[in-house]
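> Spelled out, the chains give:
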Amino acid sequence: MRSLSKFLILVSIFSTLSLFSYSQFNGTNLMEYQYGKVPGDTNAISTLYDRTVFNYNYKDIKAGLALEQFYTRYDNRNYIKPTQYYLQYSKDFMDIKAGNFYETIGRGLLLRSFEIPGAILEDLSYRSRSYFQRDVIGVSTRLRYKDLSVKLLYGKPLNNVFPPSQPDSLRRTDKIAAVAPEYTFAKQTLGASLLNLKNSNKSTLYGMFTSSGIISQYFSYYSELAKDLSNYSLSDFSDKAAYAMYASINLSINNLGVSAEYKSYKNFSLGAGINEPPALVKEHSYKVLNRSTHVLQPINESGYQIEAFYTFADLSTLTLNNTIAVNNLNDKFVFQEYFAEYDFSIKDNLDAKIFADYAEDPFKLEMNRISTGAYLKLGIPDGSSIKTDYEFQTFHRSGDKVYNHVLSLGYNHKSKLLFNITGEISNDPFLVEEEVKTWIGTNIKYQINSKHSLLLFAGQRRGGPACNAGVCYEVLDFNGIEVRITSRF
Amino acid sequence: MKRITGLLVLNFIFYALNAQTVNNFQLKDINNSSRSFTELKGEKLTLIDFWATWCKPCNKAIPELNKIYQQYIEKGVQIIGINCDGPRSISKVAPFTKSLQIKYPVLLDINSEVMNNLNISAFPTLIIVNSRGKIVWIHEGYAEGDNLRITAEIDKYLSTN
Numbered sequence: 000m001r002s003l004s005k006f007l008i009l010v011s012i013f014s015t016l017s018l019f020s021y022s023q024f025n026g027t028n029l030m031e032y033q034y035g036k037v038p039g040d041t042n043a044i045s046t047l048y049d050r051t052v053f054n055y056n057y058k059d060i061k062a063g064l065a066l067e068q069f070y071t072r073y074d075n076r077n078y079i080k081p082t083q084y085y086l087q088y089s090k091d092f093m094d095i096k097a098g099n100f101y102e103t104i105g106r107g108l109l110l111r112s113f114e115i116p117g118a119i120l121e122d123l124s125y126r127s128r129s130y131f132q133r134d135v136i137g138v139s140t141r142l143r144y145k146d147l148s149v150k151l152l153y154g155k156p157l158n159n160v161f162p163p164s165q166p167d168s169l170r171r172t173d174k175i176a177a178v179a180p181e182y183t184f185a186k187q188t189l190g191a192s193l194l195n196l197k198n199s200n201k202s203t204l205y206g207m208f209t210s211s212g213i214i215s216q217y218f219s220y221y222s223e224l225a226k227d228l229s230n231y232s233l234s235d236f237s238d239k240a241a242y243a244m245y246a247s248i249n250l251s252i253n254n255l256g257v258s259a260e261y262k263s264y265k266n267f268s269l270g271a272g273i274n275e276p277p278a279l280v281k282e283h284s285y286k287v288l289n290r291s292t293h294v295l296q297p298i299n300e301s302g303y304q305i306e307a308f309y310t311f312a313d314l315s316t317l318t319l320n321n322t323i324a325v326n327n328l329n330d331k332f333v334f335q336e337y338f339a340e341y342d343f344s345i346k347d348n349l350d351a352k353i354f355a356d357y358a359e360d361p362f363k364l365e366m367n368r369i370s371t372g373a374y375l376k377l378g379i380p381d382g383s384s385i386k387t388d389y390e391f392q393t394f395h396r397s398g399d400k401v402y403n404h405v406l407s408l409g410y411n412h413k414s415k416l417l418f419n420i421t422g423e424i425s426n427d428p429f430l431v432e433e434e435v436k437t438w439i440g441t442n443i444k445y446q447i448n449s450k451h452s453l454l455l456f457a458g459q460r461r462g463g464p465a466c467n468a469g470v471c472y473e474v475l476d477f478n479g480i481e482v483r484i485t486s487r488f
Numbered sequence: 000m001k002r003i004t005g006l007l008v009l010n011f012i013f014y015a016l017n018a019q020t021v022n023n024f025q026l027k028d029i030n031n032s033s034r035s036f037t038e039l040k041g042e043k044l045t046l047i048d049f050w051a052t053w054c055k056p057c058n059k060a061i062p063e064l065n066k067i068y069q070q071y072i073e074k075g076v077q078i079i080g081i082n083c084d085g086p087r088s089i090s091k092v093a094p095f096t097k098s099l100q101i102k103y104p105v106l107l108d109i110n111s112e113v114m115n116n117l118n119i120s121a122f123p124t125l126i127i128v129n130s131r132g133k134i135v136w137i138h139e140g141y142a143e144g145d146n147l148r149i150t151a152e153i154d155k156y157l158s159t160n
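Sequence order for the protein chains is A and B. Its first residue numbered 0, the first sequence is counted upward by one per residue in numbering that gives the first Met the number 0. Its first residue numbered 0, the second sequence is counted upward by one per residue in numbering that gives the first Met the number 0.
Possibly wrong hints are sitting among the right ones.
Distance condition first, Cα-Cα at most 27 angstroms in a straight line; then the derived BS3-like pairs of lysine-lysine [stated by the list, open to error]:
{"#": "1", "chain 1": "B", "residue 1": "K40", "chain 2": "A", "residue 2": "K346"}
{"#": "2", "chain 1": "A", "residue 1": "K58", "chain 2": "B", "residue 2": "K66"}
{"#": "3", "chain 1": "A", "residue 1": "K201", "chain 2": "A", "residue 2": "K150"}
{"#": "4", "chain 1": "A", "residue 1": "K413", "chain 2": "B", "residue 2": "K155"}
{"#": "5", "chain 1": "B", "residue 1": "K59", "chain 2": "A", "residue 2": "K90"}
{"#": "6", "chain 1": "A", "residue 1": "K450", "chain 2": "B", "residue 2": "K59"}
{"#": "7", "chain 1": "A", "residue 1": "K186", "chain 2": "B", "residue 2": "K43"}
{"#": "8", "chain 1": "B", "residue 1": "K43", "chain 2": "B", "residue 2": "K27"}
{"#": "9", "chain 1": "A", "residue 1": "K145", "chain 2": "B", "residue 2": "K66"}
{"#": "10", "chain 1": "A", "residue 1": "K376", "chain 2": "B", "residue 2": "K155"}
{"#": "11", "chain 1": "A", "residue 1": "K415", "chain 2": "B", "residue 2": "K27"}
{"#": "12", "chain 1": "B", "residue 1": "K66", "chain 2": "A", "residue 2": "K346"}
{"#": "13", "chain 1": "B", "residue 1": "K155", "chain 2": "B", "residue 2": "K102"}
{"#": "14", "chain 1": "A", "residue 1": "K376", "chain 2": "B", "residue 2": "K66"}
{"#": "15", "chain 1": "A", "residue 1": "K90", "chain 2": "A", "residue 2": "K150"}
{"#": "16", "chain 1": "A", "residue 1": "K415", "chain 2": "B", "residue 2": "K55"}
{"#": "17", "chain 1": "A", "residue 1": "K386", "chain 2": "B", "residue 2": "K27"}
{"#": "18", "chain 1": "A", "residue 1": "K450", "chain 2": "A", "residue 2": "K58"}
{"#": "19", "chain 1": "A", "residue 1": "K413", "chain 2": "A", "residue 2": "K450"}
{"#": "20", "chain 1": "B", "residue 1": "K27", "chain 2": "A", "residue 2": "K413"}
{"#": "21", "chain 1": "B", "residue 1": "K155", "chain 2": "A", "residue 2": "K150"}
{"#": "22", "chain 1": "A", "residue 1": "K444", "chain 2": "A", "residue 2": "K352"}
{"#": "23", "chain 1": "B", "residue 1": "K133", "chain 2": "A", "residue 2": "K450"}
{"#": "24", "chain 1": "A", "residue 1": "K145", "chain 2": "A", "residue 2": "K58"}
{"#": "25", "chain 1": "B", "residue 1": "K59", "chain 2": "B", "residue 2": "K27"}
{"#": "26", "chain 1": "B", "residue 1": "K40", "chain 2": "A", "residue 2": "K61"}
{"#": "27", "chain 1": "B", "residue 1": "K102", "chain 2": "A", "residue 2": "K444"}
{"#": "28", "chain 1": "B", "residue 1": "K59", "chain 2": "A", "residue 2": "K61"}
{"#": "29", "chain 1": "B", "residue 1": "K102", "chain 2": "A", "residue 2": "K61"}
{"#": "30", "chain 1": "A", "residue 1": "K58", "chain 2": "B", "residue 2": "K59"}
{"#": "31", "chain 1": "A", "residue 1": "K58", "chain 2": "B", "residue 2": "K27"}
{"#": "32", "chain 1": "B", "residue 1": "K27", "chain 2": "B", "residue 2": "K155"}
Hints were generated in silico from the structure; no laboratory data involved.
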């Protein structure tokens, strides 16, 4: 409580300063209260999570602080901690940031740090909740001169498997130093990066070459190749070597767009997981497909993804996707997926979407997986709409025929009020002790004004892998009520 | 209970604080050229749409923003699309943008730098920035009828700008 008082005093000082000068003070707050049970709980418990972010600007200088706090009846899970802070100086030719920062080198082959806006992470081991962020603490600099830019960074990446209640010596075990220059000419960009990774085991130098650009008004490309330079020769691309190769080609002709990507990753999981090579697996918004995603294995994975979009004159869109991912581990696993979606309007006030998906995922033992569904939205003249969607999935796993159904009904009044009820049924033996299991949950979102929103969930929520903003993580089953208030100021 | 009350108070006392401004930023566009906010901003108002290819409401909003762009560009109103796809889906942005025939500039914020600087936490988020760089309106999500609300806000701020 003393920390919170100090924090409020600091906030008051900054906000007062901002009222009397050209400086600016702003931020956000996310508060979530839960009362309920996750797997393993015998009784329902109350938890309270809060994250406040403050930013202060004065001319070219910016400072920021994020305070996270979590409370339950169990003291060992609770914490109140400033989890991020930074000081930044920006000019046209340079940015320098000291403290916590996010940085990605290339497409994430060497380094990817990021946050998932609004996502709160909880796992069964620590039972503490924290914001989904994987940042680096240290110093990051970006210099720009005409068509040349150089990133320099030094710091310790966060392993967010461990919540803020755990010591930094456990959460930040890797130390990195990197330089990444890039030169752009005639719509082509060439880059070369070096990253040194140190931890208690060893010190390793990685190098990466990047090339991207526009070939014509119809074609563009991107490619990068990263290698462990400490332990393998430049020409060694054997199965024992550590390297990652990624390439994409894009084609655009009138209303047709095509993206084709290729990957080949061998022994390329760096440190405690500081990098994240592109997965090349479609991130679906449909519930049954979103949780059935193939999880990238950077130790050994190769494959491709092709996606085509076509927008018709009436603005209906057709999306086709094909993905192949091959893992040569002790056995060979070939993941393959074929997806089609058509998004169209039946009448002026009636929108529809249909999808079909076929996949084989031997790594997860899910064979002959068929998923399909439809979505309808009826617009009402007062600005309201009624939505319904139904999704179905079936697959074979070790002699069992598994099925999943999702049915959702919703009403929204403009963007002000949203009400949604979702029911799920599954006979998946991995989840269900009885013959079938059902989950029924209700969401209500009320946008109080442009600065404040209220989100209420009541009922049961099915857990499992969830993919959001290109990142997949595990969400726990939940049975209870949840209230979330988000504010910006 | 004291903690909950304290945090609720903290949530609502921020009403009185001043609005945010957009500082200049520089990002690459889908044609691999570096573009800055100063270079692209509208003479009177600038609408910035934060979106991602995997976000379905974002995709619904884009054709409407295209219409708004054509309706208001001559009146000193610019639209900038800031795409926040990460490495997993960024290769789809250029073909997707061209397939939807987006008329206004689309910039790539692969590190979510601009998004984080402006405390954006939902997709789509649309902000209206006045000629002094101040954020005068912010709107999260996209639903039926929001296009009318957006044009009403543009008209309102055009008349006061």
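> It remains to establish, for every hint, whether it holds in the given structure.
Verification of the hints:
1. B/K40 x A/K346: At roughly 37 angstroms apart (the allowed maximum being 27 angstroms), A/K346 and B/K40 break the hint.
2. A/K58 x B/K66: Roughly 36 angstroms separates the two Cα atoms, so the pair is violated.
3. A/K201 x A/K150: It holds: about 24 angstroms lies between the C-alpha atoms, which stays within 27 angstroms.
4. A/K413 x B/K155: 19 angstroms, holds
5. B/K59 x A/K90: 36 angstroms, violated
6. A/K450 x B/K59: Distance of about 23 angstroms is within 27 angstroms: holds.
7. A/K186 x B/K43: 30 angstroms, violated
8. B/K43 x B/K27: Roughly 24 angstroms between the alpha carbons, so the hint for B/K43 and B/K27 holds.
9. A/K145 x B/K66: Violated, because 35 angstroms separates the two Cα atoms, which is more than 27 angstroms.
10. A/K376 x B/K155: 30 angstroms, violated
11. A/K415 x B/K27: The hint is violated at about 34 angstroms.
12. B/K66 x A/K346: OK: B/K66 and A/K346 at ~20 angstroms, within 27 angstroms.
13. B/K155 x B/K102: Cα-Cα ~24 angstroms, so holds.
14. A/K376 x B/K66: Holds, at roughly 22 angstroms.
15. A/K90 x A/K150: Given that 27 angstroms is the threshold and the Cα spacing comes to 15 angstroms, the pair holds.
16. A/K415 x B/K55: 18 angstroms, holds
17. A/K386 x B/K27: 37 angstroms, violated
18. A/K450 x A/K58: 25 angstroms, holds
19. A/K413 x A/K450: This hinted pair holds, its Cα atoms lying about 16 angstroms apart.
20. B/K27 x A/K413: Given pair B/K27, A/K413 is violated - Cα atoms ~33 angstroms apart, limit 27 angstroms.
21. B/K155 x A/K150: Judged against 27 angstroms, a Cα distance of about 42 angstroms means the pair is violated.
22. A/K444 x A/K352: Roughly 23 angstroms between the alpha carbons, so the hint for A/K444 and A/K352 holds.
23. B/K133 x A/K450: The given pair, whose Cα atoms are some 15 angstroms apart, holds under the 27 angstroms limit.
24. A/K145 x A/K58: 23 angstroms, holds
25. B/K59 x B/K27: 24 angstroms, holds
26. B/K40 x A/K61: 22 angstroms, holds
27. B/K102 x A/K444: 32 angstroms, violated
28. B/K59 x A/K61: 35 angstroms, violated
29. B/K102 x A/K61: 33 angstroms, violated
30. A/K58 x B/K59: Cα-Cα ~37 angstroms, so violated.
31. A/K58 x B/K27: 24 angstroms, holds
32. B/K27 x B/K155: 31 angstroms, violated
Of the numbered hints listed earlier, those contradicted by the structure are 1, 2, 5, 7, 9, 10, 11, 17, 20, 21, 27, 28, 29, 30 and 32.
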